[in-house]
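Enquirer: Turn these sequences into a full structure, and let the hints guide you.
For the protein sequence lines, the chains are A and B, in the order given. Note that the first sequence covers residues 1 to 169 in the numbering used here. Note that the second sequence covers residues 1 to 169 in the numbering used here.
I should point out that these hints are in silico values taken from the structure, not numbers from a laboratory.
Just the calculated beta-carbon pair ranges, DEER-fashion: (1) B:Arg80 x A:Tyr15: 34 to 44 angstroms; (2) A:Arg159 x B:Arg159: 55 to 65 angstroms; (3) B:Leu158 x A:Gly78: 15 to 25 angstroms; (4) B:Gln44 x A:Arg159: 30 to 40 angstroms; (5) A:Gly45 x B:Pro129: 38 to 48 angstroms.
Within a straight-line C-alpha distance of at most 25 angstroms, the following computed DMTMM-like cross-link-like pairs (lysine to aspartate or glutamate) qualify: (6) B:Lys116 x A:Glu83; (7) A:Lys116 x B:Glu83; (8) B:Lys123 x A:Asp137; (9) A:Lys116 x B:Glu125; (10) B:Lys58 x A:Glu43; (11) B:Lys116 x A:Asp130; (12) A:Lys116 x B:Asp130; (13) B:Lys123 x A:Glu125; (14) A:Lys58 x B:Asp137; (15) A:Lys42 x B:Glu55; (16) B:Lys123 x A:Asp130; (17) B:Lys149 x B:Glu55; (18) B:Lys116 x A:Glu125.
Note that this is a predicted model, so its numbers are computed, not measured. Think of the CB as a built atom: it goes at the ideal place given N, C-alpha and C, for glycine as much as any other residue.
2 protein chains.
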Amino acid sequence: MGESVDLKQEANPEYYMSQALQEANRALEHGEVPIGCVVVHKEQGMVARAHNWRETWKSPIAHAEMVAIEEASRRLGGWRLFECDIYVTLEPCPMCAGAIMLSRFSHLYFGARDPKGGAVVSKTELLAPDLWNHHPDITGGVLEYECGKILKDFFRSLRQGKASFDQRS
Amino acid sequence: MGESVDLKQEANPEYYMSQALQEANRALEHGEVPIGCVVVHKEQGMVARAHNWRETWKSPIAHAEMVAIEEASRRLGGWRLFECDIYVTLEPCPMCAGAIMLSRFSHLYFGARDPKGGAVVSKTELLAPDLWNHHPDITGGVLEYECGKILKDFFRSLRQGKASFDQRS
Chain A
1 MGESVDLKQE
11 ANPEYYMSQA
21 LQEANRALEH
31 GEVPIGCVVV
41 HKEQGMVARA
51 HNWRETWKSP
61 IAHAEMVAIE
71 EASRRLGGWR
81 LFECDIYVTL
91 EPCPMCAGAI
101 MLSRFSHLYF
111 GARDPKGGAV
121 VSKTELLAPD
131 LWNHHPDITG
141 GVLEYECGKI
151 LKDFFRSLRQ
161 GKASFDQRS
Chain B
1 MGESVDLKQE
11 ANPEYYMSQA
21 LQEANRALEH
31 GEVPIGCVVV
41 HKEQGMVARA
51 HNWRETWKSP
61 IAHAEMVAIE
71 EASRRLGGWR
81 LFECDIYVTL
91 EPCPMCAGAI
101 MLSRFSHLYF
111 GARDPKGGAV
121 VSKTELLAPD
131 LWNHHPDITG
141 GVLEYECGKI
151 LKDFFRSLRQ
161 GKASFDQRS
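Expert: Now the structure itself:
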């Protein structure tokens with residue numbers, strides 16, 4: 001679990017996505033697929049930051065978003081995150097998109113698209129406004145090149161035999 | 001977290017759903033929305049059982065399925081649950097349906113439909129065979145009356161002021 005940092009910044013998607021990218025880089029240190037996430041409260045600033053821990057924790061649900069949502073809920077003392085935005089380097093999968101909806105996030109920012117596993121714009125539009133009783137605003141493509149590059153480099157290394165475990169999903 | 005019970009039974013959806021219903025009843029003791037879940041390994045029998053803990057843990061992701069999946073992964077020592085079936089008293093929400101897909105469950109059995117929040121057959125078909133690279137077999141309506149009744153009774157009590165917190169989603 002990445003430490004939480006209470007850092008007040010003006011709303012600046014590129015800044016917060018760069019923080020999520022820092023988390024993705026930390027995932028590499030643990031041999032994890034490099035995906036990072038931060039949660040930003042409108043007044044308190046950054047209240048959670050995390051990366052993917054699936055292999056280390058041997059848990060199918062330890063995606064960056066889930067770990068960050070748990071941390072933010074614990075820190076804010078409740079499960080409704082109305083006042084928060086979430087930044088993630090990769091388009092969320094169906095589980096994480098669902099968790100973002102359930103947590104009542106105000107705004108989802110993501111970096112790269114996930115053509116095979118993305119549940120926001122790529123494979124399905126799980127957060128479409130007419131589907132559930134809450135849906136966040138959505139902005140994709142924030143630092144898209146950088147967020148995509150770290151994943152492409154990781155999977156290229158995997159194919160070259162520099163790492164030894166499966167893709168994320 | 002409900003304790004795990006290693007109970008070998010012949011494949012019997014009604015038996016395992018009755019165990020999930022027992023978990024739903026335990027949720028009531030904690031003032032939680034009564035939804036229960038069990039995970040059954042094809043050889044080892046029941047390897048996890050859990051109910052919804054969202055209010056107590058103040059976590060938006062502490063649905064019965066998520067808690068049971070975490071427990072099963074921990075017990076089996078890995079995140080791929082190919083050899084397992086999952087039984088849940090209510091049609092899974094998008095987060096839990098996504099987690100069931102990611103965990104590679106063999107078969108999903110659910111009890112009652114969830115017309116407002118169900119992501120398997122009701123609001124969307126998130127586990128449709130052509131969408132992701134894995135999908136479980138699906139059987140709905142197992143002990144449907146009993147699984148629906150415990151929820152209806154709970155929400156009726158809520159409306160009559162006998163409890164004080166929100167609906168599940």
